[in-house]
Amino acid sequence: MQPTTLILLSLVVPAIATAANMALSDNDNWRDGATLVASLVTFALVVALAVSGEYGAAVTVFSVMPGLELSFHVEPLGLLFALVASGLWIVTHIYAIGYMRGNNEHHQTRFFAFFSFSIAATMGIAFSANLFTLFLFYELLTLSTYPLVAHKETDEAKAGARTYLGILMSTSIVFLLVAVIWTWIIAGTTDFTLGGILAGNIEGPMVAVLLGLFAFGIGKAALMPFHRWLPAAMVAPTPVSALLHAVAVVKAGVFTMLKVGVYIFGIDFLSSTSASDWLVWLASASILIASVIALTKDNLKARLAYSTVSQLSYITLGMALATSMGVVGGGMHIAMHAAGKITLFMCAGAIYVAHHKTLVSELNGIGRKMPLTMAAFMIGALSIIGLPPFGGMWSKWLLGLAALDAGQVFVVAVLMLSSLLNVAYLLSIVARAFFLPADDGEDAGAIAEAPVACLIALVATALLSIVLFFQAGAIERLLAGLIS
Amino acid sequence: MAGEAAQTAKTLVDHLPVLQVVVPMLASPLCMLFARAGLAWAIAFAASLACLAISIALLATVVDGGVISYHLGGWEPPWGIEYRIDTANAFVLVIVSAIAALVLPYARQSIAAEIEAKHHALFYTCLLLCICGLLGVTATGDAFNVFVFLEISSLSTYALVALGAARDKRALTAAYNYLIMGTIGATFFVIGIGFLYMATGTLNMADLAERIAQLESNRTVRAAFAFIVVGIGMKLAIYPLHMWLPNAYTFAPSAVTAFLAATSTKVAIYVLLRFSFSVFSPGFEFERFTLLYVVLPFAVMAMFLASIAAVFQQDIKRLLAYSSIAQIGYMLLGIGLVTATGLAGSIIHLFNHAITKGALFMAVGAIVMQTGHTAIPKLAGLGRAMPLTGAAIVTGGLSLIGIPGTAGFISKWVLVSAALEKGWWPVALLIVASSLLAVVYVWKIVEIMYLKPAPQTSVGEAPLGLLLPTWGLAAACVFFGLWADLTIDAATDAANGLFGGGFAAR
Numbered sequence: 001m002q003p004t005t006l007i008l009l010s011l012v013v014p015a016i017a018t019a020a021n022m023a024l025s026d027n028d029n030w031r032d033g034a035t036l037v038a039s040l041v042t043f044a045l046v047v048a049l050a051v052s053g054e055y056g057a058a059v060t061v062f063s064v065m066p067g068l069e070l071s072f073h074v075e076p077l078g079l080l081f082a083l084v085a086s087g088l089w090i091v092t093h094i095y096a097i098g099y100m101r102g103n104n105e106h107h108q109t110r111f112f113a114f115f116s117f118s119i120a121a122t123m124g125i126a127f128s129a130n131l132f133t134l135f136l137f138y139e140l141l142t143l144s145t146y147p148l149v150a151h152k153e154t155d156e157a158k159a160g161a162r163t164y165l166g167i168l169m170s171t172s173i174v175f176l177l178v179a180v181i182w183t184w185i186i187a188g189t190t191d192f193t194l195g196g197i198l199a200g201n202i203e204g205p206m207v208a209v210l211l212g213l214f215a216f217g218i219g220k221a222a223l224m225p226f227h228r229w230l231p232a233a234m235v236a237p238t239p240v241s242a243l244l245h246a247v248a249v250v251k252a253g254v255f256t257m258l259k260v261g262v263y264i265f266g267i268d269f270l271s272s273t274s275a276s277d278w279l280v281w282l283a284s285a286s287i288l289i290a291s292v293i294a295l296t297k298d299n300l301k302a303r304l305a306y307s308t309v310s311q312l313s314y315i316t317l318g319m320a321l322a323t324s325m326g327v328v329g330g331g332m333h334i335a336m337h338a339a340g341k342i343t344l345f346m347c348a349g350a351i352y353v354a355h356h357k358t359l360v361s362e363l364n365g366i367g368r369k370m371p372l373t374m375a376a377f378m379i380g381a382l383s384i385i386g387l388p389p390f391g392g393m394w395s396k397w398l399l400g401l402a403a404l405d406a407g408q409v410f411v412v413a414v415l416m417l418s419s420l421l422n423v424a425y426l427l428s429i430v431a432r433a434f435f436l437p438a439d440d441g442e443d444a445g446a447i448a449e450a451p452v453a454c455l456i457a458l459v460a461t462a463l464l465s466i467v468l469f470f471q472a473g474a475i476e477r478l479l480a481g482l483i484s
Numbered sequence: 001m002a003g004e005a006a007q008t009a010k011t012l013v014d015h016l017p018v019l020q021v022v023v024p025m026l027a028s029p030l031c032m033l034f035a036r037a038g039l040a041w042a043i044a045f046a047a048s049l050a051c052l053a054i055s056i057a058l059l060a061t062v063v064d065g066g067v068i069s070y071h072l073g074g075w076e077p078p079w080g081i082e083y084r085i086d087t088a089n090a091f092v093l094v095i096v097s098a099i100a101a102l103v104l105p106y107a108r109q110s111i112a113a114e115i116e117a118k119h120h121a122l123f124y125t126c127l128l129l130c131i132c133g134l135l136g137v138t139a140t141g142d143a144f145n146v147f148v149f150l151e152i153s154s155l156s157t158y159a160l161v162a163l164g165a166a167r168d169k170r171a172l173t174a175a176y177n178y179l180i181m182g183t184i185g186a187t188f189f190v191i192g193i194g195f196l197y198m199a200t201g202t203l204n205m206a207d208l209a210e211r212i213a214q215l216e217s218n219r220t221v222r223a224a225f226a227f228i229v230v231g232i233g234m235k236l237a238i239y240p241l242h243m244w245l246p247n248a249y250t251f252a253p254s255a256v257t258a259f260l261a262a263t264s265t266k267v268a269i270y271v272l273l274r275f276s277f278s279v280f281s282p283g284f285e286f287e288r289f290t291l292l293y294v295v296l297p298f299a300v301m302a303m304f305l306a307s308i309a310a311v312f313q314q315d316i317k318r319l320l321a322y323s324s325i326a327q328i329g330y331m332l333l334g335i336g337l338v339t340a341t342g343l344a345g346s347i348i349h350l351f352n353h354a355i356t357k358g359a360l361f362m363a364v365g366a367i368v369m370q371t372g373h374t375a376i377p378k379l380a381g382l383g384r385a386m387p388l389t390g391a392a393i394v395t396g397g398l399s400l401i402g403i404p405g406t407a408g409f410i411s412k413w414v415l416v417s418a419a420l421e422k423g424w425w426p427v428a429l430l431i432v433a434s435s436l437l438a439v440v441y442v443w444k445i446v447e448i449m450y451l452k453p454a455p456q457t458s459v460g461e462a463p464l465g466l467l468l469p470t471w472g473l474a475a476a477c478v479f480f481g482l483w484a485d486l487t488i489d490a491a492t493d494a495a496n497g498l499f500g501g502g503f504a505a506r
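So the sequences go chain by chain: A and B. Okay, so the first sequence: first residue is 1 according to my numbering, each after it adds one. Okay, so the second sequence: first residue is 1 according to my numbering, each after it adds one.
Incorrect hints may appear among the rest.
Said to hold, decoys possible - Derived BS3-like pairs: lysine-lysine, alpha-carbon spacing no greater than 30 Å straight-line:
no., chain 1, residue 1, chain 2, residue 2
1, A, Lys-152, B, Lys-378
2, B, Lys-452, A, Lys-357
3, B, Lys-169, B, Lys-444
4, A, Lys-158, B, Lys-169
5, B, Lys-169, A, Lys-152
6, A, Lys-158, B, Lys-444
As the list claims (entries may be wrong) - Restraint ranges, calculated between C-beta atoms of paired labels, are given here:
no., chain 1, residue 1, chain 2, residue 2, range
7, B, Val-63, A, Gly-204, 56 to 62 Å
8, A, Ala-19, B, Ala-42, 35 to 41 Å
9, B, Ala-42, A, Ser-63, 28 to 34 Å
10, A, Ala-159, B, Ala-46, 49 to 55 Å
Think of the hints as simulated: they come from the structure by calculation, not from any bench. A virtual CB, placed ideally from N, CA and C, is assigned to each residue, including glycine.
Let's have the full structure, built from the sequences with the hints guiding it.
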């Protein structure tokens, strides 16, 4: 198959899954089976695209306005993002089947339909060939995830969903849209071009202003102070938190951030104008502050959410350092953090399904009831912290090197301090689960794990974190295309 | 070349400019004479289809920048009345007649549910007169003729709004209010025209343009401009002159609201454009000042204050009415920028907003038909009870916000581009910031419809007769959001035609 066909199919297949979900709403097994097939096919399509190794393949679907086209292309960063999102969709879907049925959730068809649709939007973001196309799918992703966040329909869910939509929409409309149109006016194009399109079209402090519009406009990257939507989104069912708010949505944000840095500004242009220096500081502050807030959160999902806010800023930092190493490190962190954080969220969901516990302080001794789950949790936590032999180590390593490269030594200190904070807020949960006696006194020895579908998924992603440690070279080779 | 064509007008095709107006004018008394609802509807629908065909033919003729000059009764301008079609008004003619052709099939069932049977024939008579008036205002090249048709459309509109009394008696006061305000507006307008005649001795727009060009410092001409802007401002609901609009839209029958929201203010905008850029010249100091220091600030106030007012409404029709006032603000903003791109933004938003609001008001009409309510708290759970109507409201709402992939996004893009091109980045920020208010009021409806459980009453989906026209417009919102080449080209042509001096370039 042509690479261009593969791109289009990878968008169309999840969209078809949405339609299939609605058509098969009467039969749960057929409905969920169809989605599983769709997720496998989507992943296979993206893998085929990766194997074909044809970067630069581009396809224009149609022209929207004179000079603005809906078009897609293949490039290393997008390919990596698409691989991560579609691959983890399979696991999350298996997990979601167990979770939704185990909890007897209502409106399951609506849930799965919008879930598939948001994957289609994610694929659109990953393969978009210009800012205009990216913006279109970026907004579609916000809208298609709104019903998922509001899923429970309680007042709390509605309020959370309102914050979610409010912040993501406001930032994207007020800052990002203006940035995109501004770019279009001064550069005459919004095409992603290696080396950037802005050099020579804008100068002086305006470069930093435009970068600021992008950095704050990409609300999905959860750069402080526009991060509040992410904890608010935690009212969603856990599979949504796992895939969308640890992988697809937030990674769409930082992916856009990297894409803008590499293909719109251009790394050389950024480093020669020093326009991103302030972003280095802001991202560093975001990393540390979010980690400290995470320490104070007793709600497990809220703690993980703030951990996500902190980890996302690593990737923004990678772009802001404006070195090739930073971009590779940031890109790699997309994959590494995805595998680690999705494991943690799935474990949190498994605990909720099996014991209906949501607070960290309730988790004393839970490791003895759910040994497999908590073992997976530990692996995920260690990978986030950045210890070998887990994937998260490599991206942090590269980011540290990039900081030295850029001469920003304090960033190395920030990274180290952040790892210590990670230890404090993640490993304390593991310690509590395994070493403290259970509070409730009920038979502590009996094993009571979540449904098997949930277990399969979270064990798989935990193993993935280990595999990624050994296969980091492959990702680095893939991303090397960004810096040539 | 266009002038010669008009002098040798022999075939039916050459008479298209006047047929555009005459067809609904003649069909209107026929509805009255036959006085049977079904027959009257058939006549009105046939007339609207004929109008649509004529307007499309006209647009196709002038789309490359051509101009048709039609001399009524063979009297040459400036002595006779001239109908003059260029891209700008051909575009508006298409909007008006296309909306009319969609509203009529919709009206049949909607009106049957909302108006007493004895008034049905009268309704179609008035609607056709209103269509005729709006098309006449748009097609004519004669300033006094604009006033005449404006009054034809306004008077029939007052009657149409008053027909809402069968559902809610407050329609009568709304219509009365509108009558008073509309008449004041029309008076100002005709005084302005009178001043122009005093100063120049002509009423033909092209002729006026030539003569005014030498009279920039003439006080009568300046006063004329002021009177015309205020008079037409009343008709198009420029921000502080908008008081008639919310009640009129709220209490009019659903089909009437949909038609008016999509056409009548748009035609008034066109008149403002025509007078500001073709008759008067934007090169005039006093006009630039008026647009910059009067129209632009009021446009921005409309964008914010009317949107904020919309947020607090408890009635969906009234909410959408306030949103209309805000959206008119965007169109005026494009005019206030006084650049070709700004004008193009205005014109394209004129079209995009017409289809968006048309779709929304039609969908609301479907809700009125099935539930009898327009109060927002009573919309709970309707998203599931009336899935297709609900989806149409969401689609229209997204277009109102300006989500990419919808028509509203294209408007926003062009308007923001225009502001940035001019270097007015605060205006660009104001445009995007005010669209956040649209998110708030649209989401207020979405949340109630989808996230609040329905009360235990059984409400079914609206009949196809209402759904098809509604979805026709809702689909257009998406279509023109993704394939905007067509509308942008037409709007740019129209803007260049107007901005390039319009008549003066002849």
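Structure-based check of each hint:
{"no.": "1", "hint": "A/Lys-152 / B/Lys-378", "result": "holds, 21 Å"}
{"no.": "2", "hint": "B/Lys-452 / A/Lys-357", "result": "holds, 27 Å"}
{"no.": "3", "hint": "B/Lys-169 / B/Lys-444", "result": "holds, 27 Å"}
{"no.": "4", "hint": "A/Lys-158 / B/Lys-169", "result": "violated, 37 Å"}
{"no.": "5", "hint": "B/Lys-169 / A/Lys-152", "result": "violated, 41 Å"}
{"no.": "6", "hint": "A/Lys-158 / B/Lys-444", "result": "holds, 11 Å"}
{"no.": "7", "hint": "B/Val-63 / A/Gly-204: 56 to 62 Å", "result": "violated, 43 Å"}
{"no.": "8", "hint": "A/Ala-19 / B/Ala-42: 35 to 41 Å", "result": "holds, 39 Å"}
{"no.": "9", "hint": "B/Ala-42 / A/Ser-63: 28 to 34 Å", "result": "violated, 41 Å"}
{"no.": "10", "hint": "A/Ala-159 / B/Ala-46: 49 to 55 Å", "result": "holds, 53 Å"}
In the structure shown, a violation is registered for the earlier hints numbered 4, 5, 7 and 9, in ascending order.
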